[in-house]
Amino acid sequence: MAVINENELQYEALLTVAKQMVLAARTAPKGRGVNNLGVSIITGNDIHELANTSRDIGEKADCHIFERDAANILNSAQAVVLIGTRIASLGLKYCGLCGFPDCASKDKEPDIPCVFNTTDLGIAVGSAVSIAMDMRVDNRIMYTIGMAAQKMELLGKEFKIVYGIPLSATSKNPFFDRKK
160 MAVINENELQ
170 YEALLTVAKQ
180 MVLAARTAPK
190 GRGVNNLGVS
200 IITGNDIHEL
210 ANTSRDIGEK
220 ADCHIFERDA
230 ANILNSAQAV
240 VLIGTRIASL
250 GLKYCGLCGF
260 PDCASKDKEP
270 DIPCVFNTTD
280 LGIAVGSAVS
290 IAMDMRVDNR
300 IMYTIGMAAQ
310 KMELLGKEFK
320 IVYGIPLSAT
330 SKNPFFDRKK
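Start counting the sequence shown at 160; every next residue gets the next number (the working numbering).
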């Protein structure tokens, strides 16, 4: 009989959950069935680089929450799930939910998101974190980490809105009750 220490299992288990989160995000409903999402998992040194980029953003923008979140993932995250969206309209003739009368008008402003892009992203993020919750894995949705990932183009240059979801398995979720 072998004794397997929990420390040996944690990382492997977290990666399994992260992979399930990727599947949940991928299979989440999308407007008109059009997929504009990108989803990845980062670990190891890539988390260090992500934290450094977030810290740099915070220093340059004088916005301490980027530095706080950078330290938080550096100290606690064993994996980070990234979920982002391209900005691309769905080619609808009648909608106007983005503030433009139709997709053709919106497409003249390519940096303004289609409402379906951000809605689909939100549904995918919610689906992913529900998996983490079901598996009792510590997590938090962080736009700061997502902005750092977007700056680094970790999902690709075309992904303009990104969220990061750090994962950890500890006695208390390290991503909450943080210093402001």
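A couple of the hints might just be wrong.
In silico DSS-like links for lysine-lysine, alpha-carbon gap of 30 Å or less [unchecked claim]:
(1) K252 to K316
(2) K252 to K338
(3) K319 to K178
(4) K267 to K338
(5) K189 to K178
(6) K252 to K319
(7) K331 to K252
(8) K189 to K252
(9) K310 to K338
(10) K267 to K319
(11) K219 to K310
(12) K310 to K267
(13) K319 to K338
(14) K319 to K219
(15) K178 to K331
(16) K189 to K338
(17) K267 to K178
(18) K189 to K331
(19) K310 to K178
(20) K331 to K316
(21) K189 to K310
(22) K267 to K316
Hint data in this document are derived by calculation from the structure and do not stem from the laboratory.
Structure-based check of each hint:
1. K252 to K316: Holds, because 28 Å separates the two Cα atoms, which is no more than 30 Å.
2. K252 to K338: Status violated; Cα separation ~48 Å.
3. K319 to K178: Within the cut-off at roughly 22 Å; holds.
4. K267 to K338: violated (42 Å)
5. K189 to K178: Holds: K189 and K178 sit about 20 Å apart, inside 30 Å.
6. K252 to K319: holds (24 Å)
7. K331 to K252: This hinted pair is violated, its Cα atoms lying about 49 Å apart.
8. K189 to K252: Holds - the C-alpha atoms of K252 and K189 are around 18 Å apart, at most 30 Å.
9. K310 to K338: holds (25 Å)
10. K267 to K319: holds (17 Å)
11. K219 to K310: holds (14 Å)
12. K310 to K267: holds (24 Å)
13. K319 to K338: Since the Cα atoms of K319 and K338 sit roughly 29 Å apart, the hinted pair holds (cutoff 30 Å).
14. K319 to K219: Holds, at roughly 20 Å.
15. K178 to K331: Judged against 30 Å, a Cα distance of about 22 Å means the pair holds.
16. K189 to K338: Distance ~36 Å between K189 and K338 Cα, so the pair is violated.
17. K267 to K178: violated (37 Å)
18. K189 to K331: Roughly 34 Å separates the two Cα atoms, so the pair is violated.
19. K310 to K178: Holds, at roughly 23 Å.
20. K331 to K316: violated (35 Å)
21. K189 to K310: Between K189 and K310 the Cα gap is close to 25 Å, so the pair holds against 30 Å.
22. K267 to K316: holds (20 Å)
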